[in-house]
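J.: Residue numbers (my numbering), protein chains in the order written: chain A, 1 to 328; chain B, 1 to 328; chain C, 1 to 385; chain D, 1 to 385.
Hints are supplied without guarantee of correctness; some may be wrong.
Unchecked claim - FRET-style restraints, in silico, Cβ to Cβ:
#1 C:245 / D:244: 27 to 35 Å
#2 B:247 / A:281: 12 to 20 Å
#3 C:154 / A:2: 25 to 33 Å
Said to hold, decoys possible - Far from chain B by the CB rule (all over 12 Å, computed), these chain A residues:
#4 19
#5 222
#6 311
#7 325
To be verified - Pairs of lysine-lysine, DSS-like flavour, derived with a Cα cap of 25 Å:
#8 D:211 / C:182
#9 A:251 / B:321
#10 A:321 / B:180
#11 C:211 / D:236
No lab work stands behind these hints: they were computed from the structure.
Think of the CB as a built atom: it goes at the ideal place given N, C-alpha and C, for glycine as much as any other residue.
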Amino acid sequence: MTELMYREALNEALNEEMTRDNRVYLIGEEVGRYNGAFKVSQGLLDTFGSARIVDAPISELGFTGLAVGSAMVGLRPVVEMMTWNFAILAMDQIVNNAAKLRHMSGGQLRCPIVFRGPGGAGGRLSSQHSQALEANYAHFPGLKVVAPATPADAKGLLKAAIRDENPVIFIEGERLYAIKGEVPEGEHVIPLGKADVKREGKDVTIITWSRMYYFCEEAAKALEEEGISAEIVDLRTLRPLDEEAIIASVKKTNRVVIVEEGWPHSGVGAQVVDIIQSQAFDHLDAPIQRVHGLDVNMSYAANLEAATQPDAPKIIAACKKALYREDG
Amino acid sequence: MTELMYREALNEALNEEMTRDNRVYLIGEEVGRYNGAFKVSQGLLDTFGSARIVDAPISELGFTGLAVGSAMVGLRPVVEMMTWNFAILAMDQIVNNAAKLRHMSGGQLRCPIVFRGPGGAGGRLSSQHSQALEANYAHFPGLKVVAPATPADAKGLLKAAIRDENPVIFIEGERLYAIKGEVPEGEHVIPLGKADVKREGKDVTIITWSRMYYFCEEAAKALEEEGISAEIVDLRTLRPLDEEAIIASVKKTNRVVIVEEGWPHSGVGAQVVDIIQSQAFDHLDAPIQRVHGLDVNMSYAANLEAATQPDAPKIIAACKKALYREDG
Amino acid sequence: MTSGGGRVDRCRRQPTVSSALTKDQLLTMYRKMYLIRRFEERAGQQYGLGKIAGFCHLYIGQEAVAVGPVEAIREDDYMLSAYRDHGQPLARGSHAGMLMAELFGRDGGYSKGKGGSMHIFDIEKHFYGGYGIVGGQIPLGAGMAFASRYRNEDRVTVCYFGDAASNQGSFHETLNMASKWKLPVIYICENNRYGMGTAFNRVTAVHEVWKRAEAYGIRGEAVDGMDVLAMYDAVKRAAEECRAGKGPVLLEANTYRFRGHSMADPANYRTKQEVEEERKNDPIPRLQAHIQKNFKGVSDEVFETLRKEVNEEVDEAVKFADASPEPSLEELWRDTIVEEGEEDVKPRERVLGAKVDWPQLPGPKDFEVTWDLEPRDPPAEASKS
Amino acid sequence: MTSGGGRVDRCRRQPTVSSALTKDQLLTMYRKMYLIRRFEERAGQQYGLGKIAGFCHLYIGQEAVAVGPVEAIREDDYMLSAYRDHGQPLARGSHAGMLMAELFGRDGGYSKGKGGSMHIFDIEKHFYGGYGIVGGQIPLGAGMAFASRYRNEDRVTVCYFGDAASNQGSFHETLNMASKWKLPVIYICENNRYGMGTAFNRVTAVHEVWKRAEAYGIRGEAVDGMDVLAMYDAVKRAAEECRAGKGPVLLEANTYRFRGHSMADPANYRTKQEVEEERKNDPIPRLQAHIQKNFKGVSDEVFETLRKEVNEEVDEAVKFADASPEPSLEELWRDTIVEEGEEDVKPRERVLGAKVDWPQLPGPKDFEVTWDLEPRDPPAEASKS
Ligand SMILES: Cc1ncc(C[n+]2csc(CCOP(=O)(O)OP(=O)(O)O)c2C)c(N)n1
Ligand SMILES: Cc1ncc(C[n+]2csc(CCOP(=O)(O)OP(=O)(O)O)c2C)c(N)n1
Ligand SMILES: [Mg+2]
Ligand SMILES: [Mg+2]
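This is chain A alone, in the form it adopts within the complex (with noise of 0.2 Å):
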């Protein structure tokens, strides 16, 4: 184990990958001698030249169709979105070609690339800056969707995503780059589709995934000490989603939260709202409460952003909630 940034174990991860296969690129706005906006690919233009770590102009739809393009022929490009809120200019080579060329050809081609950058709110950025759009991409049959919140599961899930068959969109949290974990050391590889329980608990499950996670922690320390025991499963890949994992915990607890970043109509947590009422219906206790960013633009003010995301409160008064103790 050795201790690393997030952005230190996605660094290696890309870092490994290319190493181990020539066809792995990276391609990106500023990804090359800038280092990346984030700093994810820092010294990788240098280990790898400049064929492999491609400065893009700022032309999204473009560079991101032609990663697509050139996955169809056997390489297995790697396009970093400098955020989730300028890929939607990409979107429709990602859900009109990528997801669909397996389809199309009848099996003739595949089309393996991972579309990754960060989602979520950055910090005081105002409406246009600050969205969790993983729901837009989770919607699309043939794509697979990742969102890790740990260092580990960072490293973990990029190289199964960059060694997956399939179009994965790669959901890294734009402030969780900073934070460190343990990362096991040599060959590290979580398979998608696999949730984590990341704490063992017995009164109520909380589910969530990306930076929410930590959120949940603190809440889930907090209820412990008034005697609450929280489960915290996190998802990590929200397409294929985990539902025996999920099912699992539901019928354990019997009282579900669900913790998301983005808006709550359509979002992911519905979607998992569906999946335990469909199959558990008898096992919950209560309602599933849901806590998720507050269903309006997101503004710059330091008062009113943070008003609007989830936080260890109310996290906290929705699994009161889910187990009658509102007043608890």
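Dock chains B, C and D with the ligands against chain A, hints included.
T.: Just chains B, C and D with the ligands now, kept in the frame of chain A:
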């Protein structure tokens, strides 16, 4: 009451609103001389001239943004998306500009604009052309989302959408343009955000919208023969959702089936599930059943396309499941 | 080859290499063009019979734009197009029956009937589709060329798109990158003057697509798209430039579709005279005239025999498609996601049991990346103009 | 005005109208440029103190690109820009305190602190934002010009964007439409040579943005963006063309940002020498020199006094922002959706209780649409090239 086709009802709405308000204009591909790819704008160029019925180049991002800019300074554009599959190219202008202008300007600006066009499968068009994408827009605060099923609703809701002070996503049924229905004479405006109980029933509530409504009616009739009384709630507006109407019907029947054309993961149906379980948990006698498009890419082959989509038999089976009468 | 009039004035004349083509080569071109013509006529007819559904975009009138380039490049060069995509694969030798079966939505189609008319893929013949979003294939073509350059292959990619597609942002973004990185890609704009019902010139400020090349610092050229030899010459030159590292190139093929945009389109937006005028440019009789002028003793019978053969081939194709079953319902759950260890599907092997040599893609260490896409220069230099 | 060297050679020289400017007008320009300079310096400082957060993009070095055009157009002409958006509103007379308050995220800001540095809107002064998605404002500018033309107003729209933004598809799609429909919009590309850490020339095939105008059949012109009078002249001409229905125009202002891309950027991608070289072009001393050369007896004191006044004004702005409270939490639920019957917010009225004459937008029948955007022509004509 006069009987009109869905496309004629939309045409009347456009014609009336453009006559009433010179600020309203229509822009899109083929809307002018070609009279619209689906003939919704039939005859409007001759009536209103080329500045108000604007034939645009195939530049979805560009003409959508152009329309948004004109709305910022007092026009009321209606943007025709030839289909919503192509509008993905314009999504940035819709969700990052139109949906956020009011907020970014702190209330100085408003963006009264309608984005309209067909959604869902058109029939044997394969994966890129057959998508029901309402969930992707319903996810965003700052937008309203409408999806009418009948000619009367199409007319009344389009008129309301054009008069609304906010950006409205108006999704028409690609296969509904030729269906006929009674449309009230004279001024006929239906407020956004109100669902419509299209069929009264007491045993099970079927919640749906757009083209799926017709399959639900078919199913309800068949169920009636078997002595099962189904209530059909046509949401009509998907954002904001009419939670009152939903809950009222659930409390009445205690059993729910949600029918949508699109994919299940993070679909609008999932959000409806969450609303119900969180607000009427104790009124549910059975898990909520969802009928939706299969979670795969749409095929061109007739048999595969049919099997991918919801239909009356699937809805009937779901209702029986909700009623614990699988072998009914 | 004598011009059939039309917009040849818009073409910059160039020295021809096509003059070296043998009679047999020219007859092959004729056969391919006529095959496309006949195939499309039958497809239209089958559409009328309800055996083909959805959108079906015919290539009739544009045959030369597919055949000239195919003859001018190597078999292993990459090619892709939009949804008007029956002509190129036929020119590259795809199985007409399997192509028709795809149009019918049958299991015997190249994509098991999943793609249909708009999404033809024949990877064995290096034809990479078949795209329904206007302009969507333009960046893909650059990416395929990027891959060739990345692996030091001397392959070129030929990417087709329509006149109207040139107004998409993807065109702008891609041509800038393709030029900056000198990608070996030949962009052929099939200017048939209309995007659906809208005349290109009605919605476009500058009417000559080839002139846009200058904004990206690449070579642009207008070509008579009704002249298969002009297309052959232009693409031969462009391919040489690309293989020599001087690409990309933007070619504007001035052509015309004799039918409506799709089977659904009555094409009332153009006049009978206009269509008749253009039909005089029909590339197929033009090539016949050229052959007969340059090779004495190639009698009309030779062509009749050829056409008869092709007619039979296309009859067979229709029979083949008719005989092919619907895909099995298990196919619903295949091809949306590549499952662990799943192989790629080889259509001719799957459908005909044929032995195919499938394009082998280099593995992780089968090649070294020696390309320096952006040679280092002192930062100061970078900002000089 | 003498060139400060740099890339003036890239500019096509034109007859100047700026020579007619009076001393007072020139001093006003000087004052505005210095106001921007000082405001931005203090903003940078306040960022350092943690009172401003997120992204903050300073305009230092580019002042002439905002001030020249503002002086050249009418007060009621529309203007919008990207996220580097403090200069234009200050030049148009926005309240410096309220602008600083927006940067602080306070209730006294133009957007109640909801937008912050990247989203400045002052509709009273016809400044329409402030956009964070690179290239996102380019179509908006054409749309605002479309509205003016639609209502027969002789207003022009000035839309700014960066060099790197010119590689976005929105640029291509919009310029084609703006040209085809002759929209009265002036596009000013602020070519400060970098998009974040990437030199424009490193990722762009053709280094002169103005040259792209030709691809859209409009007039393109390079202007010395470090010369406020050159900017004034170029925009005066362009505005006349637009009002005369000859628009749009694409201007490339060759300028330079003396600071990093944003407060977060150390700008290691450029050399000290390069920056020093460009600082010799500082537009503010250049204008002072010009004034003192052409108007005898304008002593250094005059400028010192001006600067002192401005310094105090900016001190006041900071005090104003400091004194402004955070927005109330009720604001969370406002401004995402316009509620039934809700009025627009007039910032100076809301914050200062000032009487403002808010731009009145014509109602449903306040105007007739007489514009024929595409005069009818026989279909045949439509397809002629
Ligand atoms: C992004 C997008 N917008 C609109 C359409 C609908 N559409 C299909 S083909 C077409 C016209 C394209 O014309 P052109 O590019 O000239 O190709 P051609 O059909 O003439 O071969 C349009 C508008 C689409 N498929 N994709
Ligand atoms: C679509 C999009 N892609 C990327 C970014 C991140 N980004 C913000 S500013 C910028 C550079 C833009 O450079 P330029 O257009 O030259 O404007 P300048 O900052 O030099 O004024 C980038 C890449 C963004 N905001 N939007
Ligand atoms: Mg065309
Ligand atoms: Mg710049």
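J.: Give a verdict on every hint.
T.: Going down the list of hints, with the structure as the test:
1. Evaluation of the 27 to 35 Å hint for residue 245 (chain C) and residue 244 (chain D) yields a failure: the beta carbon distance comes to about 47 Å.
2. Between residue 247 (chain B) and residue 281 (chain A) the Cβ separation comes to about 18 Å, which falls inside the hinted range of 12 to 20 Å.
3. At about 44 Å, the CB distance of residue 154 (chain C) to residue 2 (chain A) disagrees with the hint of 25 to 33 Å.
4. Listed as a non-interface residue, residue 19 (chain A) keeps its Cβ farther than 12 Å from every Cβ of chain B; the least gap is roughly 34 Å.
5. With a closest Cβ-Cβ approach of about 23 Å to chain B, residue 222 (chain A) is found to remain outside the 12 Å limit, as its non-interface label requires.
6. With a closest Cβ-Cβ approach of about 19 Å to chain B, residue 311 (chain A) is found to remain outside the 12 Å limit, as its non-interface label requires.
7. Consistency note on residue 325 (chain A): stated as away from chain B, and its beta-carbon is indeed over 12 Å from all of that chain's, at 17 Å minimum.
8. A C-alpha spacing of about 20 Å is found between residue 211 (chain D) and residue 182 (chain C), which places the hinted pair at or below 25 Å, so the restraint holds.
9. With a C-alpha separation of about 22 Å, the suggested pair residue 251 (chain A) and residue 321 (chain B) falls inside the 25 Å cut-off, and the hint holds.
10. Between residue 321 (chain A) and residue 180 (chain B), the direct Cα distance comes to roughly 49 Å. Violation of the 25 Å bound is thereby established for this hinted pair.
11. Our distance criterion of 25 Å between C-alpha atoms is broken by residue 211 (chain C) and residue 236 (chain D), whose separation comes to about 30 Å.
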